Every structure is written in C-alpha cells, then in structure tokens.
Amino acid sequence: MDKAPVTPARKLTDAEARLAEIFATQLSAGAPQTAKLRAAAFDAFSKRGLPNRRDEAWRYTDLRALLRDVKPLAAPPDESAKQSARNAAVLADVTARRVVFVGGYFVPELSDLSDLEKGLSVMSLSEALAKGDAATTAQIGNVGEVDDPAFALNTAFMGEGVVIRVGAGVCVDRPIQLVFVASAQPATYFLRSLVIVEKGARATLIESFEGDTTQEYHVNAATEVVLEEVASLERLKISREGAAAMHVSTFVAALAADAQLSDFGFNLGGALLRNQSFINISGQRAHAALRGANILKGKEHADATLFLDHAAERSESKALFKSVLDDTSQAVFQGKILVRPGAQKTDARMMARTLLLSEGAQANCKPELEIFADDVQCAHGSTVGALDENLIFYLMARGIPQAEAEALLTEAFVGEVIDAVENRSVREALTTLVSERLRTRQ
Amino acid sequence: MTALLEIRDLKAEIAGKQILNGYDLTVNAGEVHAIMGPNGSGKSTLSYVLSGRPGYKITEGQALLAGADLSQMSVDERAAAGLFLAFQYPLEVPGVATMTFLRAALNAQRKKRGEEEMSSPDLIKRVKELAKILDMDMEMLRRPVNVGFSGGEKKRAETLQMMLLEPKLCILDETDSGLDIDALKVVSYGVNQLRSKDRGIVVITHYQRLLDYITPDVVHVQSAGRIVRTGGKELALELEETGYARYQSEAA
Chain S
1 MDKAPVTPAR
11 KLTDAEARLA
21 EIFATQLSAG
31 APQTAKLRAA
41 AFDAFSKRGL
51 PNRRDEAWRY
61 TDLRALLRDV
71 KPLAAPPDES
81 AKQSARNAAV
91 LADVTARRVV
101 FVGGYFVPEL
111 SDLSDLEKGL
121 SVMSLSEALA
131 KGDAATTAQI
141 GNVGEVDDPA
151 FALNTAFMGE
161 GVVIRVGAGV
171 CVDRPIQLVF
181 VASAQPATYF
191 LRSLVIVEKG
201 ARATLIESFE
211 GDTTQEYHVN
221 AATEVVLEEV
231 ASLERLKISR
241 EGAAAMHVST
251 FVAALAADAQ
261 LSDFGFNLGG
271 ALLRNQSFIN
281 ISGQRAHAAL
291 RGANILKGKE
301 HADATLFLDH
311 AAERSESKAL
321 FKSVLDDTSQ
331 AVFQGKILVR
341 PGAQKTDARM
351 MARTLLLSEG
361 AQANCKPELE
371 IFADDVQCAH
381 GSTVGALDEN
391 LIFYLMARGI
401 PQAEAEALLT
411 EAFVGEVIDA
421 VENRSVREAL
431 TTLVSERLRT
441 RQ
Chain L
1 MTALLEIRDL
11 KAEIAGKQIL
21 NGYDLTVNAG
31 EVHAIMGPNG
41 SGKSTLSYVL
51 SGRPGYKITE
61 GQALLAGADL
71 SQMSVDERAA
81 AGLFLAFQYP
91 LEVPGVATMT
101 FLRAALNAQR
111 KKRGEEEMSS
121 PDLIKRVKEL
131 AKILDMDMEM
141 LRRPVNVGFS
151 GGEKKRAETL
161 QMMLLEPKLC
171 ILDETDSGLD
181 IDALKVVSYG
191 VNQLRSKDRG
201 IVVITHYQRL
211 LDYITPDVVH
221 VQSAGRIVRT
231 GGKELALELE
241 ETGYARYQSE
251 AA
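Going down the list, the sequences are from chains S and L.
For the first sequence, the working numbering assigns the number 1 to the initial residue and increments by one for each residue that follows.
For the second sequence, the working numbering assigns the number 1 to the initial residue and increments by one for each residue that follows.
These are calculated hints, taken from the structure and not from any lab test.
You may find that some hints are simply not true.
Once the Cα atoms are required to be at most 20 Å apart in a straight line, the calculated DMTMM-like pairs of lysine to aspartate or glutamate come out as [as the list claims (entries may be wrong)]:
#	chain 1	residue 1	chain 2	residue 2
1	S	K299	S	D326
2	L	K111	S	E406
3	L	K112	S	E404
4	L	K57	S	E389
Derived contacts from chain S toward chain L, CB cut-off under 7 Å, selection only [claimed, not checked]:
#	residue
5	L391
6	F393
7	Y394
8	A397
9	R398
10	G399
11	P401
12	L408
13	A412
14	G415
Since we're looking at a predicted model, the values are computed, not measured.
Every residue, glycine too, gets a C-beta built ideally from N, C-alpha and C.
Pulled out of the complex, with its shape left as it was, chain S reads as follows (with noise of 0.2 Å):
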C-alpha cells in the first residue's frame, strides 16, 4: 500500500501560535453545545492558520503577515473606560435604542434595553451562551456555510456581541445601535451578533465601533442575520478606528422568500479595515442592496469582499461600493456573484467606484461572475478616476477655496451611497460624519 503523502507541517507564525496557547488555556468554559462549535471551528481554522495572500479571497489583505502579534484577550473595563465611552460620537445624535460594549464587554448601565417593542427581544451574546438558549445555540455558527478563516476564528473566540430576535410581524421603527467602543489598552475583541427578523418583521440596525486612542488594538467581529420570508432589515456598519486599529468583521445574512436587506458598511478610520460579507439568497425574489464607502487616508487600509450567491429564481443584488482614497490609502474591492442552477431571472449588479485624491493612493477591483442559469441579467463595472478640475474651477471661480471645492465635489461622490439611507436622522448624521472626515484633510 502507498504511503498517503504526508505535508509537512507549517511552522506557525508567533501570532498562531500564542491564538492556540490562548485558545487552549482560557476558552474551555461554556454550555456543551458552545464548547464544540468553539473547538470545531478552532480546528477549522487552525487547519488553514491566518489568510495570506494565496488565499483568493484575502489576496489584497495579508493577515498572516500583517497581524505580528495577537494583543491579549480584553479585561473588563474599569470606571474611567466606561466613562470615556459616555463620549462615543459616532451617530450619537440618532434617535435609537443604545447597546453598549466597552472594551469588548456589554456595559447595562450605558444601555437602553428598557421598555422594549413588543415582540423585541435583546439579549447579550454571553448570557446567551451562558445558559445555554437553544434558539441561539440552534442558529449561532449556522446560517450560512461560510468557510473563511477569520470568521472560523471568531467563532472559536466569540466573546461579547447580542442576539436580538424580531417576532413575526413586528416593526420596530427606533434603530438598535450597538456601540462598540475600544478601550485605552492593547487588546483583542471577539465580538458575535446574531439577529433574527422573523416573517414579516422589520427593523434597523446600526454596528459602530470607535477607539479614541493611538494604541494597537483589534476587532474581529461577526453579525449574523436571519431573514425570514418577507422580513427586512437595514444595517448600517459604521467603524470609525483608531488609527493603529486592526479590525477584520464578518457579515453572514440569510435571505429567505420576498426578504429585503439593505446594508451598508461605511469605514472612517483605521490601520486596517476588513469587511467581508456572505450574503445567501435562497428565497425567490429576496431583494439585497449592499453598499460601501471608505473615506482613507495616511496609510489605512480598508477591504470589502463580498460573495453573493443567488439560489433561487427572480432575486435581486444590488451592490454599489465608493472609496475616496487619500495620501498612500488602499482599498480593496472583490465582489464575487455566483448564480446557482434553477436561480433564473436573476438581476445582480456590482459597481465599485474610486476617487483617488493622492497619486500615491491605490485600488484594486477584483469582480467575479460565475453563472450557471442561462436566463439572468448580470453585470459589473468599476472606476478609477479623480476630481474633474473643470468643476473644481468653476467652484473656485464662484469664490470656493480649492480645499472646500474639493470637499463639495467628495462629499457628492460619496452622497450617492448616503443617500440611500433610508432612515433621514441617520442619513444626516453620516452626511456631517463625511463632512467632518473630509474637513480634517491635510
């Protein structure tokens, strides 16, 4: 018999190898369930170790390389970091319901989970787990086949997040933010979400992550979401980093019959920033609109892979990313749609689109199509381009400095996305968020 050929083990980066000691020494503790689906996705991931750039889909975003050392796992935070997390800016003037997470840990007295909607249920992630609920067990990990080593190590680490189910029927018309503040220490945040809108329901979300500090930290966060049929959900995801912030999040949905989603992942600021998302369309005519906007600038980094599979007929995808890039700024945009046998009358578009402000700055746009229903309608594009000086002189020539006209005219490329925003109090506040970003120019 022949010897099965034998691959040498690889020797693990520091970063790898402190993750399993961390893994080995403080993640044994939980309910059953929760310990298994920890060490099978630990195992998932070790089997892969970090993504690097011969993984297709981190080709652009070398994490085994660019993550030297894992920061230890966050401590609660103290009264002063929960203090300074009074001050979280980001959206702070929207009407919403506030979930709060300093440093990684829910934070009750800085949270709103008081009088909620009927049919409204908002529970941290810890508690869950921690009791075992078998809504949350049941679905956790589980609503979409996602093989990505980022994700498989969240899974493994999750430590902190909510899980929030909408009861059938049920609009909730008051935003849910979660805000995710980072504390003044160098640290590792694993933060999960799940959320199920059940039949019917309606609900926004908002996901912000702030760190008002210089130090190194990162976040690797997860959101999972259930649409039921008919159900809709908007999510914003707003990260807003400090500037040593590395933070990689994962985005799972689920779409079930006549579901809609509309997401949007807009990133501010940060070292680098990841986000991917897996968006499973098996209901007909499920309706998905994803959008995206960076705003870079020194040497952040920022990347949005997005794999949309259609499995059913007359769904639609909609996705419209816009970066403005800045100084040495990079941005990534992959966006793979795959359209199953069956899903015919598919209407899937892709469009990245590019305003470099610096000859330094760089994109890279990777569009896949890979269709196996013949009769669809499929189509992407992306540009590359910068201010067009005619409209930058005729702002001048009505009195507008060169610095505002060029602010008018970014604003304006990046108002396409906002505008989108169903919410009016939120879209305001992301307008002056983008205004505010854009003024700090150099």
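With the hints as your guide, set chain L onto chain S.
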C-alpha cells in the same frame, strides 16, 4: 481714479500656444463694454485668463482688478476680489445641492473680505427674490447645480449667481449662445439690474443681438488675440452689416 479693470499689453498662452498678443483694455466702474469678434479670436481665452483657469498662462503684461494684480491671486481670491465670469457653458455639478453651492460661494467670499456671513434664512429669502426676477422655479434650485437644466435654464442660473454674489466686474462669456428670445430677455433684464456706477460689465459676444437688450457704452472688436478697434454702440450695428471679414484679414 484707478480703473476697475486695466489690461496692459497682455500676452497669454495655453499649452505653449500664444493666444493673447498684446491686449489692452480699460474698463471703469459704471461702464458696460462689449467685446465682439470672430470665432477663434481669443474671446473666451481672455475670460479664462482673467479668471485664472489652470493651463492659461500670462507670459507678459498685466491685468489689474481695481489696481490689484490678478496674476498674483488664486481663482477663488479673484472671485472674492469681485471678479465674476458667467460661463459660456455652465457646468453641471452632480450631487452638490444648489443652495449648498450658493451658500458656500457667498460665505467664502464674504469671509475672505472680512464681512459677516449670510444666514441660511436670509440666503433663502434672497435667492427666492432673485428666482422670481429671473422667472425661475424654486424647484429647480432644490436640484444639484445645473443638473438636467436646459441651456436657457443654465444661463438664468448663472445670472442668479451673479446677482447674488454682487461682483464688481462681471464678464459675460457668450451669454447669448443657446438662448431663445424669452430667456435672452430675462437674462438681459437681470444683467441690466446689475448696472450701477460702482460696477463694470464686460459682455463678450459674437452677435449683435444681445446688445439690443444690454446697451454697451463701449464696443471693441477683437481679432487674433487683441483689440483692433474701439467705438461706441453704433460699432456693433456696423459689424452686423459688414461682418468680421476685414478684421480677420487685417490680423492675418
């Protein structure tokens, strides 16, 4: 008294090609000048050189606005100093709301001059008044700047900007091109409202028609990048009769 606009032996080029060849022009406050000339004589170039469009380079001579050397100022500084160019082809600015644009322009100019900014309610009130004078629908002004406007609507919008910004020197570059007679009347009415003893107006045009509505004090003929003849308003009528042929041959 210092002239409002004083151009002395101005030479200017674009992409290495000399377009203005020793240009002389003096406009005093209170005067309306018309500059007429055949296509390709550098009429638009003059307006771009004065407003500071990138690519247009002064190689010799001077252009002074109320005694200040325009070549030493950025485009926005020239505007704040009181120079307004009404574009031959006003640009569409997708995504920038007209009101945002007007507010940014007016208040940037005021700030640069050390004046107080205009409040939003005052601005809206003023824009409404001007829209009425120019027979413009306020709905149009809720759209992004010039987006989807017809040629005539764009020229009305330019005139509205000019009336709002109250410049010292207005340069109208072929404002009559693409205008029907109703729009021409309305735009001319707006321009005539701006005639004052403190302001100068330079109307650049190919045809005499506009001058039926905006009566000039002085008419110049421009050919091959300089003024070749200057006269009163009757010169415009003469040109209508004789055409530009003799000026073109003179230049050649």
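Each hint tested on the structure:
1. K299/S / D326/S: 9 Å, holds
2. K111/L / E406/S: 18 Å, holds
3. K112/L / E404/S: 13 Å, holds
4. K57/L / E389/S: Between K57/L and E389/S the Cα gap is close to 16 Å, so the pair holds against 20 Å.
5. L391: 6 Å, holds
6. F393: 6 Å, holds
7. Y394: 5 Å, holds
8. A397: 5 Å, holds
9. R398: Since chain L brings a Cβ to about 4 Å from R398/S, closer than 7 Å, the hint holds.
10. G399: At 4 Å from the nearest chain L Cβ, G399/S passes the 7 Å test, so the hint holds.
11. P401: With a minimum Cβ separation of about 5 Å from chain L (threshold 7 Å), the hint on P401/S holds.
12. L408: Holds: closest Cβ of chain L sits about 5 Å from L408/S, inside 7 Å.
13. A412: 3 Å, holds
14. G415: It holds, given that the least Cβ distance between G415/S and chain L is near 5 Å, below 7 Å.
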